[in-house]
Every structure is written in structure tokens, then in C-alpha cells.
Amino acid sequence: MSELQPAYRQPELADLVEHDRVHRSIYTDPEIFELEMARIWGKTWIYVGHESQVAKPGDYYTTTLASQPVIMTRDHEGQLHVLFNRCAHKGAQLVGDDCGNLKEFRCCYHAWRFAMDGRCVSIPLEEGYADAGLTKDDPAASVRKVPRVGSYKGFVFASLSEEGPDLEAWLGGVASSIDNMVDRAPDGELEVVPGVMRYEHDSNWKFFVENLNDMMHPMIVHQSSSLTARVVAKRELGKDAPLPPALEIISPFTESYAFFDDMGLHAFDNGHGYSGGKNSIHAAYSDVEAYNEAMNQAYGEERVKEIFAVNRHNTVFYPSLTIKGAIQTIRVVKPVAVDKTIIESYTLRLRGAPDELLKRSILYCNLINSSANLVGPDDQEAYFRQQEGLKTQGDDWIPLSRDINSDEELEPGHYYAKGSSDLAFRNQLKAWKQYMLAED
Amino acid sequence: MGLPDALLLQHQVEQFIYAEVRLLDERRWEAWEALFADGGTYWAPAAHEQPNPEEHVSLIYENALLRKVRQQRFKHPNAFSLQPFPRTSHLVSNVMIDEEAKDDSPLVASARFIMHEFRRGQPNSYAGAYRYELLPIEDTFLIQQKKATLVNCNGTLTSSAMYF
Ligand code: FES
Ligand SMILES: [Fe+2]
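So the protein lines, in turn, are chains V and L. Residue 372 in our numbering sits at position 372 of the first sequence; the count goes up by one each step and never skips. Residue 77 in our numbering sits at position 77 of the second sequence; the count goes up by one each step and never skips.
One or more of the hints may lead you astray.
[As the list claims (entries may be wrong)] Listed next, the stretches of chain L that the computed footprint assigns to chain V, with coverage defined by at least 3 CB atoms under 8 Å from CB atoms of chain V:
hint, segment
1, 38–48
2, 67–76
3, 96–108
4, 148–158
[Stated by the list, open to error] Derived lysine-lysine pairs resembling PhoX-like cross-links, with alpha carbons at most 25 Å apart:
hint, chain 1, residue 1, chain 2, residue 2
5, V, K305, V, K340
6, V, K234, L, K102
7, V, K56, V, K153
8, L, K102, V, K239
9, V, K153, V, K136
10, V, K43, V, K136
[Claimed, not checked] Partial selection, computed: residues in chain L whose CB lies under 10 Å from chain V:
hint, residue
11, R27
12, W29
13, A79
14, V92
15, H116
16, F118
What the hints contain is simulated information worked out from the structure, not anything from laboratory work. Predicted model, so just to flag it, every value in this text is computed and none were measured. Idealized CB from N, CA, C, for every residue including glycine.
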């Protein structure tokens, strides 16, 4: 036998994820990536956008769903739709820009026209199809709809599969993270503001999604930004001076292991979960007086206390959406290739809150999520190094075994562990395995 | 202003901008920082029509304090994404004076730039427009704002911690 036998042999799909370890190929193998796109991204609920992005009749917003171009529209009766961005004639993309407002769609190629709900309105020289029996009223002449669309309090998800659990059942325990973000708006409504960051990561999508609830990394990965912010604040402002908002945002990333342990992890079915509960790195931001007043007026002090008592860090709606309710930013995951992922960041306005809140969310997004800023690039680097490191043949397995026997089941299907546990990894990969092995 | 004065001012503004980006390429952060006026800001918007840096996300929007954090981070032994430290080369052209300084209002100059960056073994290019607000001080200037708008500021971007 040759000395040069490859050390790596691809195990069966079913053997790639065990309870306490995962095989490196799920992050590095392009064939597995293609399967993920079909079996996870092509099946489950994927975040499309927020209803506020198509607030008015005739509004449309383009994005992708499992790499396929789609359009979220609001028709002139006020109904929401998610259409494939494909002309019913010869397949040209119907709209090319990010968003806009239209009376109807008109294809750039042969000018078939479609209503905002996708119905064909007119075909030039329609009589040419008479012998073939095609008319504009034929369903085949309409822009096809994505099979299932659901909206939970303004967050629109869609699924490329005809079947599956309904959106609310699928969200399960993490719906409460959306509830809390909405509750933080004095008017009870959120609005995505213009401005998106699209940050290319040269790594697999799962590294990003897993990292968000990896509470063993912030105090290490973010030393160069967070510790530096503390040092600079002391030097420039004095030892006990209150921190300006920007440094208030960066500093907590290097809290202690004990702090992150205390935040805790919560895990639910379908890979969902969040870190932080009563406390998080967002909990100690200075009060904004006018905001507290607006909240008290809207909800009464008792209820406001309950709303603010929920202070979560990252909530993951596996696999496509992650939100930070306490600072009103969301990140959307767009897998491109096995080693390429685009992360989009959006900021939300709490309707009825003073502008200061939006400004703080924007500041947060700038400092943490921007490709040119202080915090995110060190995470991005860690994923890249994993992507590179896992090319090696030294060891095919990654452990998921920290605190493997200490998960607590708080209620059926709701698991809790301290922050340093691998619970979030195990939970996401359990869902990954279920999706990947599910029969068609 | 007669022609010689206009030429002189154009020359001064160009030389100031060339010297400014040279400090970035030569990693002389403290000397670069000294070019800013009190309250001076550096701004890289995330959209072309971005109205202001407060109500819309930006790639970078920094006052002196945040610039100090960034520059100090450059030297931090655990700034992993900066290892090895990126090299840059800024090319500036098309420098024009849009508004001359008047009373309290600064001189406004615009230019086009290309920043070539070599990071993690990969060459990367960024191009865009500069807009400077410069306060004349004796025979030089202090920066009230340097704004660098990438042509693809609203597109998909890779990591770059360097000032454009
Ligand atoms: S492809 Fe759209 S009208 Fe022909
Ligand atoms: Fe991080």
C-alpha cells in the first residue's frame, strides 16, 4: 500500500455530528455545503426582511433566499408577498435594485407586466400565444411565489418547502426575543432604518452562527479592542470618569469568565437559542431619561421593569437570523460558498423612543459590525483561522464536550447551561443533523 | 485672488493631503493624529447619500478618543486580524478646492483616492472620494473633518482596519 494514502476519508453523513464532537468536514467540504443549501436553507424558515422595509403599498425589497433572488412586496391592497425575482416569461430578474415603489413590475426584456402580487397584467402581442393556449390569466404567466411566507411581529420569514411546521411553532422559545425587542418600543413597533453593512467573511457560515453564543471567546478575541478602550478611557478621561457611549459599548467585551458564565445559555428546538437572560454585556448602558419616561407612559412602571429585566445578548434563529434585542441590531446570514459568507447588519428604530436610542444602536453597529471597525474583524479572523486550521489532517474532530452533562431542562424543550458550556454548539449541530438526515 | 495666490493655495492643499496620507502609509499615527483640529472627525460613510454620521451606519466615524483606541489597538499584541500588520499605499489625485475658508468656515477640498492594501497575503484595492474640511493655521491646516467615501461603500466589503 502506498505511503501516501490520504489520512482523511469522508465518513457517512450520519456520523459527522456526535453528541460530544463534530467532524471538520462539515465546515470544509463543498459537497456538504451544497447539501446544506438544499436540506437546511432550502427547507426551513429563512429570514427575508422586516415588514417596515415594505411599509407602503407598492413597496418592494429584494434579497436572497438560500442564494435565490427573491422580492418582498406590499401589494396595493396592503398584502405582503415574497416572490421569486424571476420573470414568468424567460426568467430575467424582474427588478435589479435593492428597493423601491412601483405601480406594477415591468420586465426589462420583453415587457411582460405583473402586479405587485406577481399576477400577470399584460403580455405584448398576447394573441401570439393563442394557438398555444396561453393567456395572461394563466397561472403559468404569473411570477411564482415562494411556497411559504410567515411574519412574526414584523419579522418576515419564508420557506422554499411546501411543508413544515408553521412559523410560530418553529420559532418556539426564541419568539420571546422578538417580543422583547418589540416591547422596548414605546409605540410597540419596530422599523428597520436605511443603511446596511455587508461584510464578507472568508469562512463557513456555521462559524459565525456558532460564535455568537460562544461565551469563552469575547474576553480573548476582543482584548485588542475592549482592553484598549479601557486603557485609553483611563488615560484620556481619568480613572473614574463616566465612559462615553462608544466606550461603554466596547468595554464589556472583556468582562470576566464569571460574568459570561452568569449570563447563561438557553437552547431550544430547531437549533435556536440565546445567551444572556437577566444580564448581558448590554445591561449597563446609561439610562436615557426621556426614553424611560416614554416607556413608563406607554406601559406603566411595573410592566417596564419586566421588559427591561429581559436583557439578552445574542439570539440565534437558526440558521439565518441573529438579533440583539437590547441594542436593536440584527444580523442576517448569507452563505455564499463553503468558505464564504456575507453577514448583513441592520439597525432598528424603536417607534416612539427618542432619537438617542437609534443613535446608540447605530454607534453599536459601527463599532461592532462594520468591516472597517474595532470588534468584528477579530471575530472574522478567528473564523478564518478555523477555516484554514481545519484543512489539516492532524485531527478530524472538534470537541463539543464542555459541561456535557450539566444541561438543565427548565421546561420541556428549554435547556439552560452556564455561559462557558458548549450547549449552544451541541444544540445547533443537533438541529443541523436532523435537517441533514431528514427524509424528503 | 490673483493667479499666483490661487496656485499657492492649490499647492499648499495638495501638499497637505499628500503628507497626510503619507503618514498613514508610514504608520506614523501620532503625527497623523496631530493633523486634526480639536473636535476633528474622520468619517467613512456606508452609503453615498448618507445624510449624517449619527442617524445612519458608517464604516468608520471617529472622534479623537475613538481614533486613539484604534491606533492603540494597532499596537496591541492580540490584534489578531492585524497580524501580519497590513501595508497600505494611498494614491491621491484630482485635488480641487471647492470652497475657500471664510470667517469660521473651513476650506473644503475634494480629491479622489485609491488605497491599495496588502493584508494576510492578499492584495486589496479601495477607491473613492475624499472630502476635507481644513482650518487654515499659519501656513498649513488642521483637519476639521476627513471624509472618505468608497465607491462601493454600500457594497459587500472585506475586513480593513486601516484609514482610507
Ligand atoms: S424575460 Fe421577462 S418579458 Fe421576456
Ligand atoms: Fe466576538
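Tested hints:
{"no.": "1", "hint": "38–48", "result": "holds (count 3)"}
{"no.": "2", "hint": "67–76", "result": "holds (count 6)"}
{"no.": "3", "hint": "96–108", "result": "violated (count 0)"}
{"no.": "4", "hint": "148–158", "result": "holds (count 5)"}
{"no.": "5", "hint": "K305/V / K340/V", "result": "violated (42 Å)"}
{"no.": "6", "hint": "K234/V / K102/L", "result": "violated (38 Å)"}
{"no.": "7", "hint": "K56/V / K153/V", "result": "holds (17 Å)"}
{"no.": "8", "hint": "K102/L / K239/V", "result": "violated (40 Å)"}
{"no.": "9", "hint": "K153/V / K136/V", "result": "violated (35 Å)"}
{"no.": "10", "hint": "K43/V / K136/V", "result": "violated (31 Å)"}
{"no.": "11", "hint": "R27", "result": "violated (16 Å)"}
{"no.": "12", "hint": "W29", "result": "violated (13 Å)"}
{"no.": "13", "hint": "A79", "result": "holds (4 Å)"}
{"no.": "14", "hint": "V92", "result": "violated (19 Å)"}
{"no.": "15", "hint": "H116", "result": "violated (16 Å)"}
{"no.": "16", "hint": "F118", "result": "violated (16 Å)"}
Against the hints set out earlier in the document, violations occur for numbers 3, 5, 6, 8, 9, 10, 11, 12, 14, 15, 16.
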